[in-house]
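Heads up: the protein sequence lines correspond to chains Z and A, in order.
Residues in the first sequence are numbered from 1 upward in steps of one, following the numbering used here.
Residues in the second sequence are numbered from 1 upward in steps of one, following the numbering used here.
None of these hints come from the bench; they were simulated from the model.
Ideal Cβ positions, reconstructed from N, Cα and C, are used throughout, including at glycine.
Careful: at least some of the hints might be erroneous.
Said to hold, decoys possible - Heads up, simulated BS3-like pairs for lysine-lysine below, C-alpha to C-alpha not over 30 Å straight-line:
| id | chain 1 | residue 1 | chain 2 | residue 2 |
| --- | --- | --- | --- | --- |
| 1 | A | K178 | A | K270 |
| 2 | Z | K92 | A | K44 |
| 3 | Z | K30 | A | K44 |
Stated by the list, open to error - Okay, the calculated beta carbon distance ranges per label pair:
| id | chain 1 | residue 1 | chain 2 | residue 2 | range |
| --- | --- | --- | --- | --- | --- |
| 4 | A | K270 | Z | R36 | 47 to 57 Å |
| 5 | Z | R70 | A | E46 | 10 to 20 Å |
| 6 | Z | D31 | A | R83 | 39 to 49 Å |
Unchecked claim - So these bits of chain A aren't anywhere near chain Z, every CB distance computed over 10 Å:
| id | residue |
| --- | --- |
| 7 | R118 |
| 8 | D274 |
| 9 | H311 |
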Amino acid sequence: MTDTPPADRTPAAGAAGRGLEPWEVFRQEKDGDPMRHGGSVLAPDAELAVHYARELFGRRQESVRLWVVRRADVHDLSDPDLLSPPLDRSFKKPGGYVMRDKLAAARARSGQAKPKARQG
Amino acid sequence: MTDPIALDPVLGPHERGWLPFNDDGIPHDERYELFERHVTGGGKVESTDWMPDEYRTGVLRFVEMHANSELMGVLPEREWLMRAPTLRRKLALTAKVQDEVGHAQLLYRVAEDLGKPREAMMEDLLAGRTKFHNVFHYPTKTWADIGIIAWLVDAAAIVAQQALRDSSYAPYARTMRKICWEESVHIMHGRDVVVTMMNGTDEQRAMVQEALDRWWGPLMQMHGPRSDRSKDRDIHWRIKAKSSEELRQEFLSIYVPRILELGLTLPDPKLRYDDEAGLWTYSEPDWQELRTVVTNHGPKSQERLDFRQHHWDDTQWVRDTILAARASA
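So here's chain Z without its partners, still in its complex pose:
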């Protein structure tokens, strides 16, 4: 068992031997939406990659825009040491501030009732 991956598997790998290479397709469902990864096509050049992408990801008017990017041009960063450092970063997130008990104590101290709605 070798468990070696095929040559064109990695994002940075060059064109496959047959002159075809993978292109990643991103699609926007409606104006203002983010571009989302849809899948990939195998094509010899950008022109044909765009045609294939249109056939596979725009046939049912499910996309208002497609981006087609050569896989080799995608630079991957997934290093958890850089993206998810092993330290508590909860102070950078709204959920990192839990005030329920402190608020209750403040209300008790001031003698005010809890506001009904639209707390902010």
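Go by the hints and put chain A onto chain Z.
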């Protein structure tokens, strides 16, 4: 509350999305074990992740068979494109055929990324080295077949496909989400054909019943014989989530009532829901027929493969042109 500037790690590597098996420095057996723990624990695998050969070939075999079935599955329906009874039906059937070929393209792409070139997959299909689903080896006789195929064959397939939207192989799972969405349209189209015919003449109703009688056997065989869950490697690797019998039970639970409400009857006197066991009981499907058919000895196997071969040869110039354009660029 944790100290915000604490230097000690407060989150384990696993919670940070670290996939230790991607580390090339680890010995093989340990790497395999880390991968297995990740996948069996519900983790996802991307095409760029390291994976053991057993997993890679397992996903490839599964996806390739699925792609083959989408590609071969359009041939029975194609036979009715020019015979559709109305323009709207013709448009819907054309769109369905186009969709299924599109699904084959998406799935071959997923398989390709696992390392097998598309030409090799086509050659293996044409030479009978790989298989496609049993239901696509049978003839179509009347327009009612088109309704039964689009409704019930697609329904039986979608029961399986919905369970694949959570496959451990993430590119396949994402593709299945797109495919399921399109398949649900096909089911509505097929059910509409059947319901319309059932509201028509006696002759139309008889036509639907006759088609159902013919397709019921292959439909019951479609998910395959019961198998031992614990021995199923595809379930172990979470490539798929459900066993063949679970899928068949789910299909029967949803679709038997919908078939019966139309006044149709099912050609199996033993078919009934066992309240106590909470399961459907039915006559044992003909597994010998299933084996015969999927090894390309079905009534239409060779004819459809020949047709596919003819078109593969006929379109060689397109592939040559594309590659030549690339070479001269």
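Which hint numbers does the structure go against, in order from smallest to largest? Those not satisfied are hints 1 and 7.
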